[in-house]
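Undergrad: The residues making up each chain are set out below.
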Amino acid sequence: MQIEIQQIAPVFLEQEKISGSEIWNQLIAFQKGEYVQLIAPSGSGKTSFIHFLYGLRKDFSGNIFFNNKSLKTISSTQLSSIRAAKLSVVFQDLRLFTNHTAYENIFVKHQLQPFHPKNKIEEMAERLGIQNKLQQAAGKCSYGEQQRIAIIRALQQPFDFIVLDEPFSHLDEDNSKKAMQLIEEETQKRNAGIILADLEQVSFFNAQKILNL
Amino acid sequence: MALSFKNIAPFLITNQNKSSRWFSYLGLGIGVLLLLCSVQLYININQLMKERNPKKTNYDFISITKRITNDNMGQDHSFTLAEIEALKSQKFITNATPLIANKFIVSATGGQTLPFSTDIFLEAIDNDFIDTIPPSFIWKEGDNLVPIIVSSDYLELYNTVFAPSRDLPQISESTVGALMVQLECTGIFGTKIFKGNIVALSDRINSVIVPKNFLEWANRNIANLPSGNASRVYIKTADANNVDFLNYLQSKNYQVNKDKTRFGRVKQVLQAVVSGLGIFSILVILLAMMLFSFYLQLMIAKSKHNLQLLLTLGYSPQWLSNTVAKKWIPVYIAIIASALLTTALLQYFFQQSFLKGRDDLSPIVHWIVIAIAVLLAILCAAINHRLIKRLLYKL
Chain A
1 MQIEIQQIAP VFLEQEKISG SEIWNQLIAF QKGEYVQLIA PSGSGKTSFI HFLYGLRKDF
61 SGNIFFNNKS LKTISSTQLS SIRAAKLSVV FQDLRLFTNH TAYENIFVKH QLQPFHPKNK
121 IEEMAERLGI QNKLQQAAGK CSYGEQQRIA IIRALQQPFD FIVLDEPFSH LDEDNSKKAM
181 QLIEEETQKR NAGIILADLE QVSFFNAQKI LNL
Chain B
1 MALSFKNIAP FLITNQNKSS RWFSYLGLGI GVLLLLCSVQ LYININQLMK ERNPKKTNYD
61 FISITKRITN DNMGQDHSFT LAEIEALKSQ KFITNATPLI ANKFIVSATG GQTLPFSTDI
121 FLEAIDNDFI DTIPPSFIWK EGDNLVPIIV SSDYLELYNT VFAPSRDLPQ ISESTVGALM
181 VQLECTGIFG TKIFKGNIVA LSDRINSVIV PKNFLEWANR NIANLPSGNA SRVYIKTADA
241 NNVDFLNYLQ SKNYQVNKDK TRFGRVKQVL QAVVSGLGIF SILVILLAMM LFSFYLQLMI
301 AKSKHNLQLL LTLGYSPQWL SNTVAKKWIP VYIAIIASAL LTTALLQYFF QQSFLKGRDD
361 LSPIVHWIVI AIAVLLAILC AAINHRLIKR LLYKL
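Going line by line, the protein sequences match chains A and B.
Letter by letter, the first sequence follows residues 1 to 213 of our numbering.
Letter by letter, the second sequence follows residues 1 to 395 of our numbering.
Treat the hints loosely; a few may be bogus.
Straight-line alpha carbon distances no greater than 25 Å define the calculated DMTMM-like cross-link-like pairs of lysine to aspartate or glutamate that follow [said to hold, decoys possible]: (1) B/Lys302 to A/Glu104; (2) B/Lys103 to B/Glu83; (3) B/Lys302 to A/Asp93.
Hints listed in this document are in silico derivations from the structure and should not be mistaken for laboratory results.
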């Protein structure tokens, strides 16, 4: 799958923030297998961009195409199948079922379209150091643990792109590196691309392209 | 692994407001049971009343007269041509014809086989209105033999009351045609004697019927009178129990043979009661469906956050609505099947208790009842699926 962005800009964002951007009002194509980092200071519309890309919001001008299909006219069923098999995401606000266990949060994604066998969940949790938290309610986990749950959840499905919105904001460097390594391994298995948005450049992410929002 | 409701059940808050869910199940069960029972009762009434209904063709034939009261005794109670035309113009009356009567004295003598003599009356009506017309029921001027059709009730009265009291022989329906009676017709132009032969018995017309042309001839040539207006009119109607028809006759103060419409009236009342029960049961079903829809709305509202998240994770709204809706299909089927089974048991016990050994009523529920049950199950499933789909797509 190829993602093509054609002159998109949030309808609510000030003109001066749009004019200096390397993303807003630009023509950009993200190719499968490509690693891209978006550097976005606070208030530049980073999360909005992720939401536009994931089809959660449509309050933007311009257009986004998935394999030449406009995101603005795509059906809800088609969008669901893209989310289930082509585009994975780690939201900045994580979006976990806080009353359900970490395992349930991961498994609900796994069962939709599994990429790995079920036991891979425990293996990933162990690598990221949350194996003891799997049976704990996600809401009771620390924010850093919740971030790792969200990362493991995003890695359960097949995808062509994984979109990460400040995925390591509450992780120390060691845990961030472990998580990044796991993400890159899983991405390589799928020959997929990474779009990572953060406030500043992530040193341990081998981005091929850096774009300033 | 195929996904099912089980996979997403933990994320739906279904255990809240349990009482409204159980009340809606109970309401649906009672409503469906009432509806199925009332439909079965309606069918039972029709089946049971059919045997007793005087209607033997597609039409009812009913004789009407003008009501004689203390106030109008002695007045003319015959129907004018205009009144007969007015009757014919009513949409519920297919045809109407007068019964013309003799204007002269007629006495009948049985001869040696039936040694009795009695004054009788003769009437004539259009052949279309007579239920049994043999080919011999014709008369032409100069014929001495007059064919007669007699009410089968008269033969019964003769055999059971008249013959034993006079020590006369009883006559069977098959031998009645062999009898010859002498008709002595006396009027202003003197007396004429004819031979009368009972050619048929009628279940429909309660009279002694002769060919119409004979009676018109005899009135003119024996009594020197035109046949004139008739006191009795026969009505051909598709349904003698039609409410409009009965109301019309009542408004005109016409008297109708109540025996012919008695079962119809009972049937009418019963059908009205059962129809009322049917309407009430539909209301109960609607209320139950509403209560269940409130439960569903509440469940979806309470699970809104989780459902939104499932959609965000890639669960399709179509799959979610189908899966959530399907969850309740076995419940509807179980409720409606229980109601159908109860109706079937009630029908069986009713038939066995009151009509055992008779074929008036089947002990098995009618196929229409089963079809309604199936239709209700489909309808319940479709309505709830639509509701869930609407609610989920709105998220």
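Undergrad: If any of the earlier hints don't hold here, list their numbers in rising order.
TA: none
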